[in-house]
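Visitor: The hints should help you fit chain L onto chain D, whose structure is shown.
From first to last, the protein sequence lines stand for chains D and L. Take the first sequence: its letters are residues 1 to 386, numbered as in the working numbering. Take the second sequence: its letters are residues 1 to 386, numbered as in the working numbering.
Worth double-checking, as some hints may not be accurate.
If chains are identical, the list can't say which one is meant, so a pair holds when it fits in one copy or spans any two.
[Claimed, not checked] Below, in silico cross-link-like pairs of lysine to any residue (SDA-like), each with a Cα-Cα straight-line distance of 25 angstroms or less:
1) Lys156 x Glu349
2) Lys7 x Lys127
3) Lys21 x Ser206
4) Lys7 x Pro27
5) Lys7 x Pro130
6) Lys380 x His370
7) Lys21 x Pro9
8) Lys43 x Ala57
Note that these hints are calculated values from the structure, not bench results. Predicted, not measured: the structure shown is a model, and the values here were computed from it.
2 protein chains.
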Amino acid sequence: MNNFEFKNPTKIIFGKDSIKKLENEIPENAKILLLYGGGSIKKNGIYNQVKAALGTATVIEFGGIPANPEYAVLLEALEIIKTENINFLLAVGGGSVIDGTKFLSAAALYEGLTPWDILADNIRTEKGLPFGTVLTLPATGSEMNSGAVITRAETKEKLSMGGPGLFPEFSILDPQVITSIPERQLANGLADAFTHVLEQYMTYPSGALLQDRFAESIMQTIIEVAPKVLKDPTDYQAASNFMWSCTMALNGLIQKGVPTDWAVHAIGHELTALFGIDHARTLAVIAPSHYKYNFEAKKDKLAQYGERVWNITEGNTDDIAYLAIEKTVAFFHALGINTKLSDYTKDFEGTAETISQRFTDRGWLGLGEHQSLSPDKVEKIVKMAY
Amino acid sequence: MNNFEFKNPTKIIFGKDSIKKLENEIPENAKILLLYGGGSIKKNGIYNQVKAALGTATVIEFGGIPANPEYAVLLEALEIIKTENINFLLAVGGGSVIDGTKFLSAAALYEGLTPWDILADNIRTEKGLPFGTVLTLPATGSEMNSGAVITRAETKEKLSMGGPGLFPEFSILDPQVITSIPERQLANGLADAFTHVLEQYMTYPSGALLQDRFAESIMQTIIEVAPKVLKDPTDYQAASNFMWSCTMALNGLIQKGVPTDWAVHAIGHELTALFGIDHARTLAVIAPSHYKYNFEAKKDKLAQYGERVWNITEGNTDDIAYLAIEKTVAFFHALGINTKLSDYTKDFEGTAETISQRFTDRGWLGLGEHQSLSPDKVEKIVKMAY
Chain D
1 MNNFEFKNPT KIIFGKDSIK KLENEIPENA KILLLYGGGS IKKNGIYNQV
51 KAALGTATVI EFGGIPANPE YAVLLEALEI IKTENINFLL AVGGGSVIDG
101 TKFLSAAALY EGLTPWDILA DNIRTEKGLP FGTVLTLPAT GSEMNSGAVI
151 TRAETKEKLS MGGPGLFPEF SILDPQVITS IPERQLANGL ADAFTHVLEQ
201 YMTYPSGALL QDRFAESIMQ TIIEVAPKVL KDPTDYQAAS NFMWSCTMAL
251 NGLIQKGVPT DWAVHAIGHE LTALFGIDHA RTLAVIAPSH YKYNFEAKKD
301 KLAQYGERVW NITEGNTDDI AYLAIEKTVA FFHALGINTK LSDYTKDFEG
351 TAETISQRFT DRGWLGLGEH QSLSPDKVEK IVKMAY
Chain L
1 MNNFEFKNPT KIIFGKDSIK KLENEIPENA KILLLYGGGS IKKNGIYNQV
51 KAALGTATVI EFGGIPANPE YAVLLEALEI IKTENINFLL AVGGGSVIDG
101 TKFLSAAALY EGLTPWDILA DNIRTEKGLP FGTVLTLPAT GSEMNSGAVI
151 TRAETKEKLS MGGPGLFPEF SILDPQVITS IPERQLANGL ADAFTHVLEQ
201 YMTYPSGALL QDRFAESIMQ TIIEVAPKVL KDPTDYQAAS NFMWSCTMAL
251 NGLIQKGVPT DWAVHAIGHE LTALFGIDHA RTLAVIAPSH YKYNFEAKKD
301 KLAQYGERVW NITEGNTDDI AYLAIEKTVA FFHALGINTK LSDYTKDFEG
351 TAETISQRFT DRGWLGLGEH QSLSPDKVEK IVKMAY
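For reference, chain D alone in the conformation it holds in the complex (with noise of 0.2 angstroms):
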């Protein structure tokens, strides 16, 4: 087991009717931005929900943050904050509206001139502007990490940035928020919480024996209740266990003590930029390609993964670690997920060779566990993707 620190602050406030507890949890005198996504709020309660909680509190809204929480939108809503003296956020959403919300938290107090420097420089959020979350859709862990991804249509870029000040105060989710959702963001949500875990869990082993139980618990849940998800969101045990089945995820907990790879979602992010595909998919299109290309390094890990988690008795270790891979494409079709690019555009000839040149633009000569995917490996993944 690596060496490692963690501290996850975040108060969680889980369960059936708990967004009324909101009105326990905002700070005195609070000045707060209520940001939201594409107002699918309004239409299924959720923002009556929350408004009937916080009561008197001084609310200005900020609407419209969409999928891929796109700078130039948060660039406004940071002008509101600053004109407005702003002094709390809370994030009515998923994943997007609560990485936006992130990123104005670390741009209100940037004393830098320009915010997205925060990102291109990777500057590590120390202290930012206090903020809650209401999660509408499970699949990012958003609200219970400290990490966001940033996207900027102008330069067609999706950035990381993170830091120790950007755990939420507290999120609350409610798992009955899922019987709202189309089924195609359930399976997003589903697809995405399932590949976090593998790219903190698909490396050589490294001897951290619980951290590889919890991954493989979280997967095996995400597994057993998916079917009961998408066949019926009012299904409260599936919603509750799907729900913190994502938090648990990403919460950083099963990332301490052990290598991660993290090239899927590097990957991904290209193609969401590329092409706007949805990001659960993104995964699925890359994660199979990235584990067969680099099977030698990773099959000890596959097998087990296989053994444990797809119950694989049968074969040595090269053909669990193979059949682990298939089981996991099966994964993602049987959730009406496609793991072809060719399925999502028919543009995809070049891509290959985009990727790899933006890696070498950005500098970035290594990917993966071992920080060793150069952009030519990568082009060969994305082109076994194809």
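Guide: Below, chain L without anything else, positioned relative to chain D:
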């Protein structure tokens, strides 16, 4: 899954040679009371590591906190805190030293006349004097939770306390510390952590699929590393997984959203108070009888545990459930821990009645997952454990 709230702000600093990182964690202008136990830290080098890391900080020392931290001893330390205007406590020890430090953290800011009231009246501590820990004995999980158990020899009582103000600011976990722990205490730590998981898991099934799998993960890991830890405490992989499992067994995570039981601990504490039996060993004495007495209520979960943790594949639910209890007893025996009260004292006659009467006197009318174990049922469980 039940509704829950979860917040655990303790910073964990885990790994080889991590004690030296203590220097980064002590607040400026701290006037520190360094608390420890019987003095083993002066023999095994931990004391010197701590003192080196503290550098020129102002430190007063208080040693001699006994196993089952004793109220009368702690009052002496409380006097020092008050007369010396101590503003930070540093526990260097196992669960007893850390629990004692938590009592002091609460008592230092308690405004009532008699600090024992915090325990006797179950007063929740919202704010305590800040403290950190350097863990020297993996077992209780006290390093990452907000609970403590304090003993009062005068009245042969052992009572619990807690509250959100009692999380350590930080805890330093260097798995290398176990190399100097006697085998008896390593066995106790393994049994203690294992039983902590059982208390939060062995109830009626509640549909918390992820929490169940996390609990099973911890137990599987403890079972896997136990023989290695006992055979060779310098086996770092075994030591680190043992240490992290103990912390995760009782840091709040696996108890969220599920019913819990804790009757084994409530009864076990009385055996320590009456006979001075090691805490972990009282759990090994009571747990098997508790699960047999409550077999009908718990057999579904016992069977799940038998299948997933002990890999029992044959038999019906009752068979698997019963065999799972036997496997648990065998596990304690493999640790060198006896599981009958008569193994520890010849004076066991009358113990069941004494404990039952104590619970009646305290008004504890119902223990366990359904709070339905009345004192007469407790009496039967203890008799089964003779």
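Visitor: It remains to establish, for every hint, whether it holds in the given structure.
Guide: Status of the hints after comparison with the structure:
1. Lys156 x Glu349: within (18 angstroms within a copy, 78 angstroms between copies)
2. Lys7 x Lys127: Both: 15 angstroms inside a copy, 19 angstroms across copies.
3. Lys21 x Ser206: between (41 angstroms within a copy, 23 angstroms between copies)
4. Lys7 x Pro27: both (22 angstroms within a copy, 17 angstroms between copies)
5. Lys7 x Pro130: both (17 angstroms within a copy, 16 angstroms between copies)
6. Lys380 x His370: So Lys380 and His370 pass the 25 angstroms test inside one copy only (17 angstroms; across, 58 angstroms).
7. Lys21 x Pro9: both (18 angstroms within a copy, 20 angstroms between copies)
8. Lys43 x Ala57: Cα proximity of Lys43 and Ala57: one copy only (22 angstroms, versus 58 angstroms across).
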